[in-house]
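In the order they appear, the protein sequences are chains E and C.
Going by my numbering, 151 is the number at position 92 of the first sequence; the sequence numbering is gapless.
Going by my numbering, 314 is the number at position 118 of the second sequence; the sequence numbering is gapless.
Derived from the structure by calculation, the hints contain no laboratory data.
Computed from a prediction, not measured in an experiment: that's the story for all the values here.
We put the beta carbon where it would ideally sit given N, CA and C, even for glycine.
Among these hints, one or two may not hold up.
Calculated Cβ distances over 12 Å to all of chain C for the following chain E residues [as the list claims (entries may be wrong)]:
| hint | residue |
| --- | --- |
| 1 | E94 |
| 2 | D157 |
| 3 | T158 |
| 4 | A159 |
| 5 | R161 |
| 6 | P162 |
Below, a sample of chain C positions facing chain E; criterion: calculated Cβ distance under 8 Å [to be verified]:
| hint | residue |
| --- | --- |
| 7 | G220 |
| 8 | E222 |
| 9 | F225 |
| 10 | L252 |
| 11 | V253 |
| 12 | F331 |
| 13 | I336 |
| 14 | T345 |
| 15 | V347 |
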Amino acid sequence: MHLAYPAVLAVLLFCVGLYGVLARRNAILVLMSVELMLNAVNLNLVAFDVWLRDALHAGQALTLFTIAIAAAEIGIGLAIVLAVYRNRGTSAVDDLRDTAERPDDGGDGGGRDSEGAAADEPDEPDQPAEGKASQKAEAPA
Amino acid sequence: MTFAATGHGTLAAAAPQGFLSPTGVEIAFVLVGLVTLGAAVVTVTTRQLVHAALWLVVALGGLAVEYLLLTAEFIAWVQVLIYVGSVVVLLLFGLMLTRAPIGRSPDADSGNRPAALAVALAAAAALVWVVVDAFRTQWIDLDKPQGTTEVTGSILFRHWVLPFEALSVLLLAALVGAIVLSRRNAARSEDPGTSRPGPAGAPSDRAGDKEQR
């Protein structure tokens with residue numbers, strides 16, 4: 060097989076993922092596009108590993124590691140998206156511009172800023188002990 | 197380095213066929229690649245969010261078939277298990293939990309879509325040009341399978357044991373992090389703290405949390 064086929068397919072998949080990351084509005088669709096980009100890199104790794112006939116098979120080992128890290132990334136990313144959705148009521152990445160620099164010094168976003176900061180504030184130190192225990196007990200379920 | 201150099205030397209001359217007389221594996225690779233690419237394009241362009249996740253299944257499954265055609269058998273099954281089996285299910289759960297609209301949503305794409313299209317097309321043109329120019333004459337010999345489960349298990353547990361164990365620690369950290377991130381607000385709003393004195397801003401905070409659900 061020509062090496063150009065998997066290489067070109069990986070490039071095109073990466074660019075499709077790039078378009079999705081830049082153009083999508085929903086954070087979960089952005090995560091899907093990131094998955095497409097990671098898969099393009101995986102295809103490159105496998106193709107070059109098979110081409111070079113590496114004795115250690117570094118490409119395939121790295122592909123497995125990338126898949127595992129992508130799974131971890133999607134878990135953490137979805138947890139963050141859900142937390143943002145709980146606090147803000149939206150998962151559109153365009154609306155999350157509270158830290159953006161505005162030319163008019165941001166008079167409209169001030170109230171939402173403080174509300175979001177109050178909702179984000181962690182209150183684990185004053186949580187009761189039985190609450191923590193039940194949280195730990197329910198966590199694996 | 198020496199291995200790469202010798203491999204390059206022996207494999208560079210071995211391009212027995214041109215692009216105009218493809219082998220059967222190449223035809224299958226190109227066809228599955230077209231399906232994969234089309235599914236990926238639909239994934240990033242469709243306005244129905246759940247359909248995007250389902251087309252992502254097609255794209256990832258097509259990539260698993262490509263791994264099989266590249267004789268990386270174990271990677272293909274890992275791809276099916278982890279991506280199609282768990283990542284897409286997680287994404288669907290995320291879509292449901294954030295109350296994604298089932299039908300067409302008019303605001304799926306943001307306003308910088310032309311800029312994104314320009315950037316993606318420029319990157320695709322540049323990268324395809326570079327890759328084709330660099331690897332036009334290279335040939336992959338697929339006569340001997342390179343990624344059977346036996347080979348992958350052997351190299352993974354002989355040469356890559358330490359990264360493998362480090363990866364398990366990373367997965368544990370990600371698990372704990374995901375639980376902490378998703379449990380904090382849930383515990384606070386379910387259990388409104390009868391014994392907890394609570395700060396002054398807590399009641400309005402909880403009310404806001406409930407009305408957003």
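Results for each hint:
no.	hint	in the structure
1	E94	violated, 6 Å
2	D157	holds, 16 Å
3	T158	holds, 18 Å
4	A159	holds, 14 Å
5	R161	holds, 17 Å
6	P162	holds, 18 Å
7	G220	violated, 10 Å
8	E222	holds, 5 Å
9	F225	holds, 5 Å
10	L252	holds, 5 Å
11	V253	violated, 11 Å
12	F331	holds, 4 Å
13	I336	holds, 5 Å
14	T345	violated, 11 Å
15	V347	holds, 7 Å
Checked against the numbered hints above, the structure breaks hints 1, 7, 11, 14 and satisfies the rest.
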